[in-house]
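Engineer: According to our numbering, the sequence shown holds residues 15 to 634 in order.
No incorrect hints appear here.
DSSO-like mimics (lysine-lysine), calculated; alpha carbons at most 30 Å apart, straight line:
hint, residue 1, residue 2
1, 626, 337
2, 544, 465
3, 384, 337
4, 626, 578
5, 579, 626
It is worth saying that the hints were derived from the structure and are not from the lab.
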Amino acid sequence: MSSRHQEASNSSSESFRGLDDEDNVSVDMQSEDDHVDVKLDTALSSDEKDSDEEDLERFVLGDKASFRDQLFRDDLLDADSTALVKGGQDAEQTGTGKEGIDDAALFMLDTGKAAGGEALDQLPNAGEAGEERDAPAWEDSDDERLTISLASATRLRKLRTTETDDLVSGTEYARRLRQQYLRLYPLPEWAKDGTEGGKHTKSRRRRSSAAYGDSSDASEEDSDEDEDEAPDSAAPLESFLRDANSFNGAGARKRRKLRPETIDIQRTRDIPDSHKAPVSSLTFHPRHPILLSSSTSSIMYLHQFDPAAHPTPNPSLASVQVKQTDLRRTAFVGQAGDEIIFAGRRRYFHSWNLSTGIVRRISQIQGHQKEHRTMEHFRLSPCGRYMALAASSRKGGGLVNILNVSTMQWIAQARLNGRHGVADFAWWRSGDGLTIAGRDGQVTEWSMLTKRTIGVWRDEGSIGGTVLALGGRNGPAALGGDRWVAVGSTSGILNIYDRNNMVAGASSMAKESGEESSGDKEEEKTELQKLPEPTRVFEQLTTPITVVTFSPGGQLMAFGSQHKKDALRLVHLPSCTVYRNWPTEQTPLGRVTTVAFSAQSEVLAVGNDAGKIRMWEIRD
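Just need the whole structure built from these sequences, with the hints factored in.
Structural biologist: Below, the structure is given as structure tokens:
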């Protein structure tokens, strides 16, 4: 090195050492933006540097060996937000910009906190939580040999703990999937209570295995335990039914009259649980927005209709599996709806009291047990006093046995003098009688007051009856108060009659006596037209009618056929006109197996052969 350069270097060093503190500050502030890159590189270009020069160089530029490696180490690895702020302040003070850094290096992966402020690593693990209580039956050894790339698939990147995290084993992949699921769907309180393994869980297990199964397989000891512990298990459902404030729109409100021809109907959230077989029965609770559904897969569901519920719309209240019984029909008892009767293609049926949780099995009807090969064809009266059961045919006719719901004892029998037996029947609104349709098109009106037939008429043009339904209000009091009666046939034609026009007149008062009555009583005999003219004939369908349902308000009627896809029509009453704007070609109905209206006629539920339950909201 020349002597001139050596002198310049020494003079430069002396000038730095000769500056006082104020001069040092002024030099640092001034040279931070303008002179650091130029002057310091020139001043420190010598091979020999004293300690002051090395300290200054280390203060401004840092350690040369690890400068690049340590540049953004704190920003990427420290999960605390204060580290990111500190790194930014240091970078601003030292004058090192981030213009040349990749965008991925400027962001931090927040893996320290999960939703709700809970650590992600501390989330409950489904496998670990149940390891002591219920160990897995087997483990797949191939899981450890599997290798899954989390960075290769976009939907799997959310499972990474850091940005560089990529390859994981199959076991670790399953664990992270469970953690992600629990982040989105936290374990509900009722499920946490059930996993404690206390008395409540044991009682529910014993009841599901004994009370709902065949009584011949259950021991007397189990049945006694079920009856003792059933009220505790039914307490949550009982309190839920009593608490009317927990329902949205549970209170009845006055509805406007619906318009004919077009209807304002909007699809809403479907029922989340799907049956594994065609839906056989749908029934709304008479007071609350609760939907009861069943199928031949032996499962019965209770759902609350609440499309805005979080996190699951229309949440499930209870589900019951009835062993060895293919459920064909389920229904609430009376206007209180505190009891459910369900039956399948068996010689017995069950009664479930929701308040006490007691399940009774009725397998014999005294003196008439041989008349019932199956008890799936039953109807409950609106008043909740009676239950009607269709019996087997006898000599070409048909029988319907009447039971007292409170005692389950036989009290009366209705006979149909027709060919091929009973097709369908329905209770009057008052509960004082039945309307029974025969398979040959003959319809019988039967009274509970006199316990005999009061009139017989024939469905016009019917060559084979299939279903029958009653609905509407302000009908003749002698026929229970229902205004409309609809009768479907195998030809796909549905006739609807106005019962006010069916009554021909009333005869004089007739005295009738009986051994059971304490004295004579007077009943008004009603004469019906033998061949009444239908108010409207619906010919929209070409396959046998299998579904006919009236809304509780009497303004709507739905009819359909399960033998053809999307075969469902909605009718306005009393104009008896079919709505032309619903359903459309895009309406996802499928093969309709059952239809139900809510108690306030605001919701329409449709079940199909795929086990799904679609919901529509009928607006004013």
